[in-house]
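Asks: Once you've looked at the hints, dock chains B, W and G against the given chain U.
Going line by line, the protein sequences match chains U, B, W and G. No gaps in the numbering here: position 151 of the first sequence is 150 in numbering that gives the first Met the number 0, and each next residue is one more. No gaps in the numbering here: position 269 of the second sequence is 268 in numbering that gives the first Met the number 0, and each next residue is one more. No gaps in the numbering here: position 46 of the third sequence is 45 in numbering that gives the first Met the number 0, and each next residue is one more. No gaps in the numbering here: position 58 of the fourth sequence is 57 in numbering that gives the first Met the number 0, and each next residue is one more.
None of these hints come from the bench; they were simulated from the model. Don't take each hint at face value.
Quick list of in silico lysine-lysine cross-link-like pairs, DSSO-like style, CA-CA up to 30 Å [claimed, not checked]:
hint, chain 1, residue 1, chain 2, residue 2
1, G, Lys91, U, Lys336
2, B, Lys100, U, Lys333
3, U, Lys23, G, Lys70
4, W, Lys123, U, Lys80
5, B, Lys100, B, Lys359
6, B, Lys359, W, Lys123
7, B, Lys359, B, Lys374
8, U, Lys256, U, Lys336
9, W, Lys123, B, Lys303
10, W, Lys123, B, Lys361
11, U, Lys256, B, Lys100
12, W, Lys123, U, Lys89
13, G, Lys91, U, Lys333
14, W, Lys123, U, Lys23
15, B, Lys361, U, Lys333
16, U, Lys333, W, Lys123
17, U, Lys251, G, Lys39
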Amino acid sequence: MIWQIDLIVLALLVPCAMAAIALKDMMSAAITFGAYSFLMCLLWTEMGAVDVAFTEAAVGAGISTVLFIAAVHHSRRRVAKRRVGRIVFKLLGLSAAGAIGIILLWAASDFPEWASPDIPPSRHLSPYYITKTLEDTAVPNIVTSVLADYRGFDTMFETSVIFAAGMAVAMVLRRRRGREERTGRRVENGFARESPIIQTICRLLAPFMQLFALYVVAHGHHSPGGGFQGGVILGASFILLALAYDLDFVLKRLNEKWTLILANVGVLIYASIGALALLLGGNFLDYSVLSRILPATTPVMARSHGMLGVEIGVAITVMAIMVLIYANIASNGKYDKGL
Amino acid sequence: MIGPEQYPAVMIVVPLLAAFAINLAGLIDRRFCYPLLLLALGVAAAAALAVLGQVMRDGPISYRLGGWPPPMGIEYVVDHLNGLVLVVTCVVAFLAAVYSKRSVERELPDKIPYFYTLFILAVTGLLGMTITGDAFNLYVLMEITALTNYALIAAGRADRAPMASFTYIIIGTIGASFYLLGVGHLYIMTGSLNMADLRTILPELYTTHAVIASFIILLLGLWIKMAFFPLHGWLPNAYTHAPTATGCLIAPLVTKVSVYIMARLMFSVYSPEFSYRVFGPAEPVVWMAVAAIVAGSLMALAQKDFKKMLTYLIVAEVGYMVGGLWLANRYGITGAVLHIVNDALMTLCLFFTAGIVVYKMKGHAFTDLRGLFRKMPLTMAAFTVGALSMIGVPPTAGFFSKWYLLLGAIEAGQWGFMAALLFSSLINAVLFFKVIEIAYFEPCGVQHGHDGGQAAAHDVIAVDEAPFSMLAPLVLVSAALLAIGIYSGSLVTNIIQYAVPAGF
Amino acid sequence: MEDILARYNYWIYVLLMMIGLYAMIAKNNLYKKVIGMSIFQTAIIVFYVSIAAKEGATIPIIQGAHGAGLVPAIDPAVYVNPLPHVLMLTAIVVGVSTLGVALAVILRIYRQYGTVEEDRILEKLR
Amino acid sequence: MILDTLTIVLLAAGFFFFFATTIGLLRFPGFYARMHAAGKGDTLSSLLMLAGLIVFNSHHFSVEALLVDLKIAFIMVFILMASPTATHAIIKAGYEAGLVQWQAEEEGKHDLAD
Chain U
0 MIWQIDLIVL ALLVPCAMAA IALKDMMSAA ITFGAYSFLM CLLWTEMGAV
50 DVAFTEAAVG AGISTVLFIA AVHHSRRRVA KRRVGRIVFK LLGLSAAGAI
100 GIILLWAASD FPEWASPDIP PSRHLSPYYI TKTLEDTAVP NIVTSVLADY
150 RGFDTMFETS VIFAAGMAVA MVLRRRRGRE ERTGRRVENG FARESPIIQT
200 ICRLLAPFMQ LFALYVVAHG HHSPGGGFQG GVILGASFIL LALAYDLDFV
250 LKRLNEKWTL ILANVGVLIY ASIGALALLL GGNFLDYSVL SRILPATTPV
300 MARSHGMLGV EIGVAITVMA IMVLIYANIA SNGKYDKGL
Chain B
0 MIGPEQYPAV MIVVPLLAAF AINLAGLIDR RFCYPLLLLA LGVAAAAALA
50 VLGQVMRDGP ISYRLGGWPP PMGIEYVVDH LNGLVLVVTC VVAFLAAVYS
100 KRSVERELPD KIPYFYTLFI LAVTGLLGMT ITGDAFNLYV LMEITALTNY
150 ALIAAGRADR APMASFTYII IGTIGASFYL LGVGHLYIMT GSLNMADLRT
200 ILPELYTTHA VIASFIILLL GLWIKMAFFP LHGWLPNAYT HAPTATGCLI
250 APLVTKVSVY IMARLMFSVY SPEFSYRVFG PAEPVVWMAV AAIVAGSLMA
300 LAQKDFKKML TYLIVAEVGY MVGGLWLANR YGITGAVLHI VNDALMTLCL
350 FFTAGIVVYK MKGHAFTDLR GLFRKMPLTM AAFTVGALSM IGVPPTAGFF
400 SKWYLLLGAI EAGQWGFMAA LLFSSLINAV LFFKVIEIAY FEPCGVQHGH
450 DGGQAAAHDV IAVDEAPFSM LAPLVLVSAA LLAIGIYSGS LVTNIIQYAV
500 PAGF
Chain W
0 MEDILARYNY WIYVLLMMIG LYAMIAKNNL YKKVIGMSIF QTAIIVFYVS
50 IAAKEGATIP IIQGAHGAGL VPAIDPAVYV NPLPHVLMLT AIVVGVSTLG
100 VALAVILRIY RQYGTVEEDR ILEKLR
Chain G
0 MILDTLTIVL LAAGFFFFFA TTIGLLRFPG FYARMHAAGK GDTLSSLLML
50 AGLIVFNSHH FSVEALLVDL KIAFIMVFIL MASPTATHAI IKAGYEAGLV
100 QWQAEEEGKH DLAD
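In isolation and in its complexed conformation, chain U is listed as follows:
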């Protein structure tokens, strides 16, 4: 933790946020928002939250920006001014923000000192996790062990949230062909013609990205990363190809039906491991009872293996849903050639 960096990055965040909401061009705003996300990563790495920073880098700066650009692409780019009542809305916004700000600042005056080792959160629960993770679960990455085991139930629903988001996007946007004939060409925007250089490099990079994603999933017990980050990177490798070629190129390899099946299978793996524990006589998600069916495993190692299993499930779902959301937004629900 280096407080000088903290000071600078936090100071940079505020103008970045302001620019993102003030810019009149939505593409610029999306890019600025991506920069904001990268600053966030930096801030969190600096405060030691490597897993959070990793996720934010993959999600906030990567996927979110792509989704924004894809969505803006299908609608209007310029931001128009409100015609009437601009001042009323400004005052309303300012007063709401001001009121909340005052309450929060008032509350912050009682907070324990930042980064002090004696604050209640650092004394009450976290020492247990830090000192017991190896004994209980044999996983050195405490974030992974808390995420997938101590609070594994949260994570199961986190995966379900992603799944629900995918279903929601598909439900809202997806439209069948027929009424509007499939265009069969990329959206005409004047500056997105295919380039052999980009295509070759992306094609070269994609397998490495996927390999790295698998590493992130498998090595999540010992290093930053895990199912979620790995899944996002896997999804990003497909999205990269969809950007370099077109959506059809990806959909030929991973079509709509398979994304849906994979999305379901991933969460099902998670929930079934939990339910398996239930059937073996333990509580839901109590991986230690899995030692009864896994060969040569102590209850502690069973927890470690159980975590690996659920991480794989998370990765599969996240990958499938990322591709699903991108495909729907990039093609405006038509599953044609996309951007």
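Replies: Quick look at chains B, W and G alone, frame taken from chain U:
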């Protein structure tokens, strides 16, 4: 194999697994979706009833997820209060699921698997929110419910549905984020996320700014989520323009579960002493509830659309429950908890009726109700029970919760709240008699404008009841309203009185 | 300096939150509202991660524990608090999910009304 | 000692090129010139800094340190591939969108002000 001690997990896990099963089955044949939905919700309802039985027999249950002891792991806690809410949620969801078949086939024919997947995920979220004993776990489930709701509403074919959904996304996210922020304030002051653990640590910190602010922020978040006036802006449009089946699921449940969570926070995370005394006098909140009741009723009176009128009545009913909880006495809290149950069923009954009207008449304005008593006598009879309960006519359920609320208001000396209750009953009476009058006396179909045609139309209307899968749940709900009305005494003595925190 | 540092993170998170809330309420363009929403959510993440920070501590991965079974004695002061990190991983996921759904709904709105400006849409609905 | 010096030199060089890149990005006239500065300087400076980190990390030789070195080397390879491609993509998009190259006599006309 799975013993009774595992039922709390079963109640959540079965609907969750069913969500994926429904989605996968939908890829093969979409006719599998509906039976799977009913099966899963049936199992969940049975588990909920069994859990409530256990609670009534042996007292509160704690269930450790992942086998970790409470402050470290996530804990499920079922006591009399949420046991009751769980049963109501399961039953309402089951009936809404039975009812949904025909309207989904009509309104969203090409999206059935998605719809049912999101439907059951929403139920899972609501059940999880109710059962959990962990403040952060509640947030995750709140977001599951919210995300599924956004999509279920945006799927509507009504012109305004997407915009209503977008408004709901923005406001709903503010609400959920406030909740998360409040939990953060509690976490920084105590270092814990478990509700029972928080309850033991917090008393020393009651006077700190951060804890008081956390209470304000949590309340603000929940008030947005439950559409407590004046933070109700998202609700009327979202619920009016949602597809029928969506409305029948979320209109009865989402606001009530949020009210339950407020009660849970007030009694189990903070103490009643803090909520009623340390935090400040409860009177301003009761006055806000008065404003909610009056405003909701008046806005309902101004509507020309049947479904929209119902949504404003929800806003008024939220005022009842919040006011009852903040009366700070036994009668008020009993009335509020009883009203959570009653209002879920009443709203369900009224939205079922509105759904049948939409299904048969293809619209939900008042003019679409003409002549319905002749066309659909059973439907309208059931609707009348719901309407009477809404007004508060004995022996329907609505009377008893209002009675407790009135007693509470008198004991607390809150004359304003009492007056608002009576005023709202009066308005409800005016509203529903207007509806019944239109449905009973006015002839069906405006196209027969001249006098002779009207007389002819009276005789021509043939009985054309709603399909069985829609009618049966409606009749069941109205029967339940009567039954709860008759047995409300034993409901209060056996369950609700234990739900009221000690000391009242 | 000490006093400023002790509260600085909290002040900034409040400021970011206010920016986000303002954008959500006052902005006319629906995309801007969504950006505001994301800023609002990331502000809360800043708050939580700031809670986790601990002076003189390193990232929450136990060092020298590659071989299972050999458990070194662990001093909790050496590692930052992992719990908020876990919570915020979930919050980020929730954030991107909400973002995806919000963008999908905006595209649906654009399909229906041909605009993404709030006042134009409300005019058309009138 | 030698390693330390090498680290410092590499990092300093990296910083210098980054600084130059930023100045170029801000001060060069026209879209293409700016992207030229950004593309080249960015890649070079990142590579130099990563090389510096490899040297720094190799202070105490061990298998683990070697693994980390290898990872950083991989990052260098990928940056070498991805960064120029990204620059190419941006410039190509600009070219196809019809951005005209900056000419001295019509100063400011086609500047990347927007």
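Asks: Are the hints correct? Go through all of them and say.
Replies: Structure-based check of all given hints:
no. : hint                : in the structure
1   : G:Lys91 x U:Lys336  : holds, 20 Å
2   : B:Lys100 x U:Lys333 : holds, 27 Å
3   : U:Lys23 x G:Lys70   : violated, 41 Å
4   : W:Lys123 x U:Lys80  : holds, 17 Å
5   : B:Lys100 x B:Lys359 : holds, 14 Å
6   : B:Lys359 x W:Lys123 : holds, 28 Å
7   : B:Lys359 x B:Lys374 : holds, 10 Å
8   : U:Lys256 x U:Lys336 : holds, 17 Å
9   : W:Lys123 x B:Lys303 : holds, 20 Å
10  : W:Lys123 x B:Lys361 : holds, 23 Å
11  : U:Lys256 x B:Lys100 : holds, 24 Å
12  : W:Lys123 x U:Lys89  : holds, 23 Å
13  : G:Lys91 x U:Lys333  : holds, 28 Å
14  : W:Lys123 x U:Lys23  : holds, 23 Å
15  : B:Lys361 x U:Lys333 : holds, 29 Å
16  : U:Lys333 x W:Lys123 : holds, 26 Å
17  : U:Lys251 x G:Lys39  : violated, 36 Å
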